[in-house]
Each structure stands twice: as C-alpha cells, then as structure tokens.
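Visitor: Here is what each chain is made of, one letter per residue.
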Amino acid sequence: MSGTYLGMPDFPRAAAAATRDTRLRANLTHATHTIRDKRAKAVAELDDWAQLRAAGAAVKDRTLRHLDHYLEQLEAAVVAAGGQVHWAVDADEANRIVTRLVRETGEREVVKVKSMATQEIGLNEALAEAGIRAYETDLAELIVQLGDDLPSHLLVPAIHRNRSEIRDIFRREMGSWGRPAPEGLSDSPAELAEAARLHLREKFLSAKVGISGANFMVAETGTLVVVESEGNGRMCLTLPETLISVVGIEKVVPRWQDLEVFLQLLPRSSTAERMNPYTSTWTGTTDGDGPRTFHLVLLDNGRTDTLADTVGRQALRCIRCSACLNVCPVYERAGGHAYGSPYPGPIGAILTPQLRGIEGALEASLPYASSLCGACYEVCPVAIDIPEVLLHLRERVVEGGPVTRRGARTVLQPAKGHAAERAAMRAAAWAFDHPGVLRAGARLAARTRRLHPRRLPGPGRAWSATRELPAVPAESFRDWWQRTRGTSSERQGGAK
Amino acid sequence: MSSRDVVLGRVRRALADVPHGEGPDDPPVVRDYHRVHGSRTAAQDVDLLAENLADYRALVHRSTAGELPSLIRRLLAERGARTVLVPPGLDASWTAGAGVTLVGDRASSTPRELDAVDSVLTGCAVAIAETGTLVLDGGPDQGRRRITLVPDHHLCVVRVPDQVVGSVPEALPRLAPERPLTWISGPSATSDIELDRVEGVHGPRTLEVILLASSRAAD
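As given, the protein sequences belong to chains G and S, one line each in that order. Numbering follows UniProt numbering, in which position 113 of the first sequence is assigned residue number 113; successive positions increment by one, without gaps. Numbering follows UniProt numbering, in which position 5 of the second sequence is assigned residue number 5; successive positions increment by one, without gaps.
If you're looking for bench data, these hints aren't it; they were derived computationally from the structure. Heads up, a few of these hints could be off.
[Unchecked claim] Taking beta-carbon pairs under 7 Å as the criterion, some of the chain S residues facing chain G (in silico):
hint	residue
1	Ser3
2	Arg10
3	Val11
4	Ser109
5	Pro177
6	Pro180
7	Leu181
Keep in mind the model is a prediction, meaning the values are calculated, not measured. We put the CB at the ideal spot given by N, CA and C, even for glycine.
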C-alpha cells in the first residue's frame, strides 16, 4: 500500500483479492461480530432508542434543508468566540489552506487526532509535500501510519491487523518516526498500548500545532465537539498553541440542546458504550486554557453535490459511527480497503460515489457492493435508508440521468460497462411480462444445463468474472411446482 | 467570487426543492424521547453514578466532609504520590495534612512540568448517572483542561447529590457552551488492538472518584 487510495482497483477486483486473504477475514469476522453483539446490548438499555433515532434523523434533515442558514450562523458564532473560519470548495483548496496556516506558525511538525475529513482530502500527503510531518496519534491510525497502510474501518482503522502484526510494525518502524519500541516488546495489547503511549507522549509535549476534525459543530454557539477514547484527542486539542480543525459542512447541528440526542446515539452505536471515555467541546479560544489560535476549515468537497440529490442527500446525516460496517456481510468478507476510500462499508458505498461522482470505475461499482439485506439501515442511528440510496445510485449508473457535479447541473450518460446488464434487465422485464416465454426459457435452461459455460462469453464476461454462476437446476421451479403442488391436470404422480 | 460564496451558492442551488416558506426551524423535530430513563430518587442517581463509574473501571469512594482530608491523604499515599497538581480554586482544607507537595497550576507551566507530577486533584461541574460521566468545565476547582490530562492519576471529587444529574439531556442545560468542557467516562482506554479494551493510553490510567456527601445529606 502506498498511503493513498488513488488508483485502487474497482470494488469487485479488490474484494476478490480480500476474500482470499484468510487472516484478514478472520480478523474482521472476530472484530465485527464482537462489536455488533456489544452494540445490540448497549442500544437495548435505552427503551426510547426509536424516538432518539427519529429525532437524530429529524435534526440532521432540518439542518441539511437549511444548511446555508446554519453555516452562516456557525461562522458568526465561531468568529465571535475568537476563531477564524475558512471555506474550502474541494480537497486541494482545503490542503492549501491548512498548509499555509501551518507554515505561518513556522512549525514543521503537527500532531493529528483521527479525522475522516483529513483522510478524505489526503492532508498528510499534501503536508508531506510541503515538508511538514503529520503525526497520527490515535492508536489505530498510528498502526496504519507506521505500517504504510490504509485505514480499513471508520472506528478501528487497523481492524484488519492482529496483535502480532502490530508488534512487528512497532518494532520495525517506531524508531524511524521517534522513540523506538521498548526492547522485548510482546504482542499483548497492554504492552502495545504502552509502547504507543511512550512513543507519542514525546510528540504531544512538544507539539505547537494540532489538527483535528469534529464530530459536531453547534451553529447557535459556535461550539465544536470531538468524541474519543484514548485522550490523544484531548492532547491535540489542548496542548498546542495553534489548533486547525477541518470539518465537513454537514457536521453542523442547530442547537446546543441537539447534542443530547447525538451524545446518546453515537457512543452506543459506535463503540457500544454508554459514553465514550472522553468528549471535548470548545468554542473559539479561551484565555489561558488551550490553543491561543483556532482555525476552522469548512469543507465542501462534493457535499453540496450530494445535497443536490434529494434521494442521496440523507447520506449527509451520517455521524460516522460505523455500526453499518459491523453488520454488513459484504464488508465482513471484503474488508475496508476494497471500498477504495476512507469511507468503507455500506455508508462508503453510498457516500463515496456521491462525493466523487460515479464516472469512475470504482465509484460506479460501489453501489453494487451490497447484498441489499437492509441490516445497515436497521442499525443506523440516524436512519439512513442505505438500500434505497444504493438502488437509486445503481439506477444512475445504469440509466444515467441528471446529477450535480462541482455545483453544476449536468446529465450523466449510462455507464458503458453496464450496457449488457441493462440489456439483460430489459430482456428479463419483458420475459416476466410474458409467462409463456419465461416458462419455455426456464425449461430450455434446465435441459441444456450441462452445456452452460462457467464464465459468460462476450459482453457478459465482465459480469461473470467476479461472480460465481449458480448451477441451473435440473428442473425449472415452475415445472417442480406443477409436479409437486400443481392441479391434477398436470400432476404426474411421484409427489405422493 | 470567494470560496465562501461558492459553497453557500452551491448549497442554495442544491436546496431548490425546499419550499420558500419553510424556515430554519422547520420542519419541527419531535422530541418524544425521555428526558431521563426510569424514575430514580436523588440517592438512587448517586448509586447509579457509582455503579456506572465502576463499570468503566473508575475507582469509586464515598466520603463526608469530615472524612475527606484523611481519605484524600490515604488515596494519595496508596498511589505513592508525592507531588499533586491542584487548580487555583480548590478547597484548601481537602489537602490539609495530606503530606504531599502541592503544585499549583500556573499558566506558565509547560506540558513537560505537568508530566513530572504524580497526581491531580480536582472538583467537577456535573456528573451524569446514566452514563457514568464526569463533566469538567474549567471552573476554579477544576482548572485548565491539560491538568487532568497529562498526570497519570486523576482524583476527582463530586459533591453529591447536588452535582449529579440523571441523564445527558439533564446535563446540557447545566453546562455553559462558551466554556471548554471535558466529559470523562472512566479512564483513558483503547480497543484498537483486536477490540481488547486496554486502560490508559494517553490520558490518566487511573481515575478515582470521591462522592462527597453534602453536609445536608449527611445530617
């Protein structure tokens, strides 16, 4: 891995490789099953979960429907509290802003608390090009960074690594980034965490610039909220002299009171805890406590395009809890890297194609990275109907239609690779409307089944290359039904 | 055109489907969730707080005002703490006779100086029973955010039942958003390695909470 998602293969090819990696599958299965069971218990403790979930969805919807109002209100409140607000249309602009702000401090190193937004824009790579080293301080992010790897889960980005792999990475790499791993480091999680503590404390105590994301921003007060467990967030948010927060524009909520909903929904959905160990809130700057300078970079980078899609808009409600990943049978087998973006799993399958557009091969394949079982919708604490959006995006891929790209309305052409599928679906629709044809076709298929190739020829090759073709049964369902349950005229004995 | 104008312009065009008459407070949010889960007396809230704190591996003690200094002295001695950080507004009687060196938090003290201290002793602003959470708001008996972060041992005194609320919805109105807040639920922890929970990554590895009964309740 090269630390970037660019040039990743499309989902079917990446998933095919991942499903053959037995260690990866074992790590993932253990992790997702553990956390999904814990989550169910944590949610069951609250008998008003359904009402909280509905309120969470409603608050987010209201915010999105009046996002311009709430962003302006937020900006005014942050400025009034002593912060500075910057707006970034896309990843390049956000990276330029942050690079400039770090340069203005004269520092060449920054400490970072885990942030999906900065992963999305590739900030670490952009800073590196400018000669600035960014240290990831979340334990899992540290594992990923030291291993020159990519995150594979929203909440536990190194979920694909087991303890012995982590020990090997620490022993091999820590020394070149700072304090080396202790002699004789074992693979016990406690020892590994201690090694990370010692390694990173050097950075925290000398850091002059911190970079964060935020889980929520409160429009009426200008307050930012970061939810975490390890304390690395608190370190990055309070010890440096300058704090730069890069936050997607969809993270705003209208009122202080709204936190009562999300601070109940988020911890139980993500880490399955009543409350995560640490939550930090800050409003601009505070004299004598914490950073003297605070910058908020508000990031669009495809969010307004997503907002323009009235079906897909609901993806912007996401509070990045990762509950949908942990229940997804496709994620469990394919792993996070196959999704080709910092946003894996079901939410990634709808968010990435919307943020980036579906013109690319990976993006066009993501709406198909699902079994449509609906488990993701069931667990989503803000009730995002992921299957609905997946189907909507599949239709966009196959049929094309009006979309917004970089703020401009345009009409998307049907994806080329899906011509055969489109034709097959039309043929299927016609056959289902003509029962005689369907019956004849099914019988023909049954009788010729030994002649069927395992891979489809011609335009169907791409489709069958990544799918196990099911065996055609010896008898069509219709014939079986007639034989065993049908009326007397066609019953031929045998069933009784 | 500034990027601000570009983004806001895109937002407005994206929301062409939202009717003109709909205001920012529309559509109404139905808040039919509970303000608090179950019905408990103030004493039961304190019990639940103690239970949930302990469940997240904080060490919980109970005390009256009279017993407090000796309890603090004992807990610090058990940890072998010789230097203790204290915020400027902490009740001086709490540490009377503790037999330790008190280190006042000064604006000029560097993170490295804080790192050399054994323990930190603070009060708190609000505690939440249902989640086992302590909230610090930087008040005079709590100090700056960094002092409860860098030392490895945090001893926090909660006045019960006055500072205890039942739930998250009951806590927020008692907190001032303009102050920096730190919500603490158990010691620092990570589950990043095979989801095995390990206490103490970057924040204090040990969180001890003293539930201090008010003299009224102790009567």
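Visitor: Now look at each hint and say whether the structure bears it out.
Guide: Going down the list of hints, with the structure as the test:
1. Ser3: holds (4 Å)
2. Arg10: holds (4 Å)
3. Val11: This hint holds: Val11(S) lies near chain G, its Cβ roughly 5 Å from the closest one there, short of 7 Å.
4. Ser109: With a closest approach of 11 Å, the Ser109(S) hint is violated.
5. Pro177: holds (4 Å)
6. Pro180: holds (5 Å)
7. Leu181: With a closest approach of 4 Å, the Leu181(S) hint holds.
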